[in-house]
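**Q** These protein sequence lines are chains A and B, in that order.
Per numbering that gives the first Met the number 0, residue 0 is the first one in the first sequence, and the count goes up by one each step.
Per numbering that gives the first Met the number 0, residue 0 is the first one in the second sequence, and the count goes up by one each step.
Hint data in this document are derived by calculation from the structure and do not stem from the laboratory.
Warning: the hint list may mix true and false statements.
Sample of chain B residues at the chain A side, in silico, Cβ under 10 Å [to be verified]:
| # | residue |
| --- | --- |
| 1 | 28 |
| 2 | 58 |
| 3 | 104 |
| 4 | 107 |
| 5 | 332 |
| 6 | 334 |
| 7 | 405 |
| 8 | 448 |
| 9 | 456 |
| 10 | 467 |
| 11 | 469 |
| 12 | 470 |
| 13 | 562 |
Given the structure is predicted, the values throughout are model-derived calculations rather than measurements.
Every residue gets a Cβ at the ideal spot worked out from N, C-alpha and C, and that includes glycine.
The primary structure of each chain is shown beneath.
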Amino acid sequence: MSINRRDFLRGAALGVGAGMLGAMGAFSYSPWRKAMLPQVQRKMTDIGQCKSVRILNISETSWFDNGIFMNNVTKAGGLLVDQYTFNWPPFGNGKGIGKGSYADGIAKIKHLLPHKLEEAWAIAKESSVAPDNAGGFSCLVEIEDLEGKKTLYLFDTGWNYEWMDTCYKREGIDRMLANNEITAFIQTHEHMDHFWGFPAVTKYNPNIHIYTPSTFYPPGKQYIKDCGHVGKWTEVKKGLHQLQPGAALYMFEVPIIFKVFGEMSLYCNVKDVGLVSITGCCHQGIILFADTAYKELRYDNDKFYGLYGGLHISPFDDWDPKYDDLVIGLKKWELQRVGCNHCTGLITAQKFVDAGYPVVKGTARFRSKTTNYLGNGDVITFPG
Amino acid sequence: MESLLPRTLGVESGSDCASLLGALLTGVHLDRRLARSLGWRGVRPAASAAPAWSFRTAGSGHVFGLLFLGETVTASGDGLLGDFDLFVFPNAESALLERFPLEALRLALREDYGRLVRDFSAHAEALAPFVCGRLRLEAALDGSGLGLGLEASARHRLVALDGVSAETPDGRPVWLVDPGEPECDVPQYRLSLPAFSLLAATAERLLRETAKVSLAVAPVPVFGFRAEGKAEPLPGECGRAVRLRADFGRLSPPPGRGRRVPRLPGRHEPAAPQTARLPVLHVLTGFLGAGKTTFLRRWLDFLHGRERFTGVIQNEFGAVGLDARLVAGDTRVEAIDGGCVCCSLADSLRPGLERLLADMPAEQFILETTGLANPENVLESLGELDDLVLPGLVVTVLDAVELCRRPHLLEEWDLLRAQAERADVLVVNKADAVPADALPGVLERVAAVNGRGLLLTARQGTTAFASLDAFYNTWLDRRDRVRMPSRRPSLRPLGQKPPTHAADGYVSRTVSWDRPVSREAIVAVLAGCGPGLCRAKGLVFVHGEGACVVQYAAGRLSFDPAPEPLPDEEGYGHLVLIGIGLRP
Chain A
0 MSINRRDFLR GAALGVGAGM LGAMGAFSYS PWRKAMLPQV QRKMTDIGQC
50 KSVRILNISE TSWFDNGIFM NNVTKAGGLL VDQYTFNWPP FGNGKGIGKG
100 SYADGIAKIK HLLPHKLEEA WAIAKESSVA PDNAGGFSCL VEIEDLEGKK
150 TLYLFDTGWN YEWMDTCYKR EGIDRMLANN EITAFIQTHE HMDHFWGFPA
200 VTKYNPNIHI YTPSTFYPPG KQYIKDCGHV GKWTEVKKGL HQLQPGAALY
250 MFEVPIIFKV FGEMSLYCNV KDVGLVSITG CCHQGIILFA DTAYKELRYD
300 NDKFYGLYGG LHISPFDDWD PKYDDLVIGL KKWELQRVGC NHCTGLITAQ
350 KFVDAGYPVV KGTARFRSKT TNYLGNGDVI TFPG
Chain B
0 MESLLPRTLG VESGSDCASL LGALLTGVHL DRRLARSLGW RGVRPAASAA
50 PAWSFRTAGS GHVFGLLFLG ETVTASGDGL LGDFDLFVFP NAESALLERF
100 PLEALRLALR EDYGRLVRDF SAHAEALAPF VCGRLRLEAA LDGSGLGLGL
150 EASARHRLVA LDGVSAETPD GRPVWLVDPG EPECDVPQYR LSLPAFSLLA
200 ATAERLLRET AKVSLAVAPV PVFGFRAEGK AEPLPGECGR AVRLRADFGR
250 LSPPPGRGRR VPRLPGRHEP AAPQTARLPV LHVLTGFLGA GKTTFLRRWL
300 DFLHGRERFT GVIQNEFGAV GLDARLVAGD TRVEAIDGGC VCCSLADSLR
350 PGLERLLADM PAEQFILETT GLANPENVLE SLGELDDLVL PGLVVTVLDA
400 VELCRRPHLL EEWDLLRAQA ERADVLVVNK ADAVPADALP GVLERVAAVN
450 GRGLLLTARQ GTTAFASLDA FYNTWLDRRD RVRMPSRRPS LRPLGQKPPT
500 HAADGYVSRT VSWDRPVSRE AIVAVLAGCG PGLCRAKGLV FVHGEGACVV
550 QYAAGRLSFD PAPEPLPDEE GYGHLVLIGI GLRP
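Input sequences plus hints: build the corresponding full structure.
**A** Shown next, in the form of structure tokens:
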């Protein structure tokens, strides 16, 4: 007697069928398939441990008005437009939206960098689009090793010279840079709101060791030189790059809007606590960001403990709409401590709070818009 | 190839081919409208094992998976050759699965099939029966050429020479596969082709070059297997292996291996011409106080989180608009106040839209109508704007609390019913504010009025926003000329006009203050309006609290801190009152 295979497999005899069919599976594969795939293992690279991580948010307000920003982007031609051609400050040439270039812009201010920032910005303002909308993203990461020694990293450097210089002075970053208290500067990606404020760093310390993704475009590389940087420059290739025991950068090779390529995130393994992840914008998408840590790193308690930064949702739309939600996407990692801001979105931050995520609240000072954000001037520590 | 990956290729990483494929997939999605018109319908990276992606394509119900297996240096030493398994996961109900290996069918019938597919790379070995082909990516190390190849069986057939038997729970022997019949017979090439051609077409766009396409067919033996597990070629039986290649730059098909074909086969042809790159205009409707503006702000947050910048036109019935202020921090808003675009202000829509398009030439816009607008009338006005925008979804927000309180509301009230009938998407908002056991009844009543629209529930305006896109794209993909629910011909008797709020006698009135006002005084104003009051909203300086957003709808009054202080010229604020027969 014959029986419909679907009906049978649906039926109660599934257990019997499963064993029998399992044994046959090997013959059913495509002729080109390797006989057996190797069992996929987590790589679990040991990056060591640190004792704690403290993050001071210097500025998360990349721009102050979304409406103006969107108006600029759409008028210039959209997301694929090269950021250096928007005519945003400091690379304005006076020809209007979408008609700028790095060469034109830098020619007007190069002679003033990095020491005469006020003068340079004043010139840039005259010939740029929406100069007062520019802010910037930058934070100070302090990693304490197991012996209690603390190492400081400056993580991104914002956009607007005036705003960033003011923020650096407010938080004493200018002094720390000048005194060589900050060990290195990490440039997560080439976007204007994270990078164009770079002379506010070289003004105080042109010798600082910098890390950038290896995929910067020529204007970005030239800008680093034009800002007067003369120190060590490590171009991080794709994958893992250890900074110190318990802390490693990871470079994601991903195309990003406004003609930028590649973004680095920072992973820290905090002893007895777990993994703390720090991100600039997370353009690689939160799924890849989390999956990569899971696959690549060994961390204490096998636990995703903390997260800080802008949580850009995804470069893709999910093929299953019911999962296309950051709040759902992050749930499985059971984070213990989250500081979000910047490109996360005010309403997404509120949704995190409403969904019971352990969001560390801020103070909504210095133009940060909500206490759901770890705002400008606020501090988050891991462990809490 | 610099435009795909702005660095030199190398052999050190052992995964540069995966980087290239990742750059291709991500790069095309930076322009989501381009990705959609090419045929992408969602991608999910799955890096929990080797680099991998799952995705859907237009015109196919399957989920596809690509898993990086590894790469080698080409024989000539100047290129990389990367291998990827191409998985095809049909829907569990698809009859196609009857032709897949029994093991594939068994897995597809598992409750967690959906989860397995989402995480397919972590279960690649178990899911191997879904592999339908091999994708090969060849890249010249100097960046001068790229090649994509698909290798698959025309029909992957495996014959069970001794049959496959099993026992039913009551011990009866049965044949799952009769002796000599195929255990599987999968049209692997046909199933893989849409995914491969989409990838190749994407490369054509990003590299700005037409692919050199070639096709080769080779005979391969058909295998049978015995009960003890031994496989043997079947004499006299012959299958076909198909190799399809798309080459770019200096790479070209290997000589003597196949014939050139003029274009990529199996490409998705959009149902509607996508050449007109007009922006899309969605319409958001819903009765006074149903939660349209809250829904809009959350929808904008979803869209802007994906860099899908969206401009807004807001139409308010009252003389002093509040909604535009609440949304102003989120995007560019064009406000049309003091009437309704479905009747008295229909002529204001074109200039308003033109202003918005000139100032923010985004890819999509949302028109938030007054709570009194009949979408049928609005759609009529929009029909005259087809030189400016493509018609999008009509989304109607409904108030679960009201529908629960007054179960026959949709039957009794023409305007509310018209808003529900003419919707493509029905959002039953405030779903958390009604008893859980009452919600199914509410949804049933809404579905009875409009069973073709997408029915969603929302809490505080939050819903599964991605479903809106999926629904809209499904309609764009349809080829059967069936219209979207909002555009179906009306069954109204000849000569009878669609219901409007004018017939119901709605009016609006504005109350202003020149000193701080107490909550009690506001409550007194509302009570003084009489039972005809439906809605009140405004920005008011409340004594001891500062500037507040005051909202009244469906018997509920709320005070929330205002997003910004009141401008000086507005004194201590206004409250717009809307209703029928408001007492002076």
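**Q** None of the hints should be skipped; say for each whether it holds.
**A** Results for each hint:
1. 28: 5 Å, holds
2. 58: 14 Å, violated
3. 104: 6 Å, holds
4. 107: It holds, given that the least Cβ distance between residue 107 of chain B and chain A is near 9 Å, below 10 Å.
5. 332: Cβ of residue 332 of chain B sits 8 Å from chain A, so the hint holds.
6. 334: Because about 13 Å separates residue 334 of chain B from the closest Cβ in chain A, which is outside the 10 Å limit, the hint is violated.
7. 405: Violated, because the Cβ-Cβ distance from residue 405 of chain B to chain A comes to roughly 28 Å (cut-off 10 Å).
8. 448: 24 Å, violated
9. 456: It is violated, given that the least Cβ distance between residue 456 of chain B and chain A is near 13 Å, above 10 Å.
10. 467: 8 Å, holds
11. 469: 4 Å, holds
12. 470: 8 Å, holds
13. 562: Constraint on residue 562 of chain B satisfied, holds at 9 Å.
Of the hints listed earlier, those the structure fails to meet are numbers 2, 6, 7, 8, 9, in rising order.
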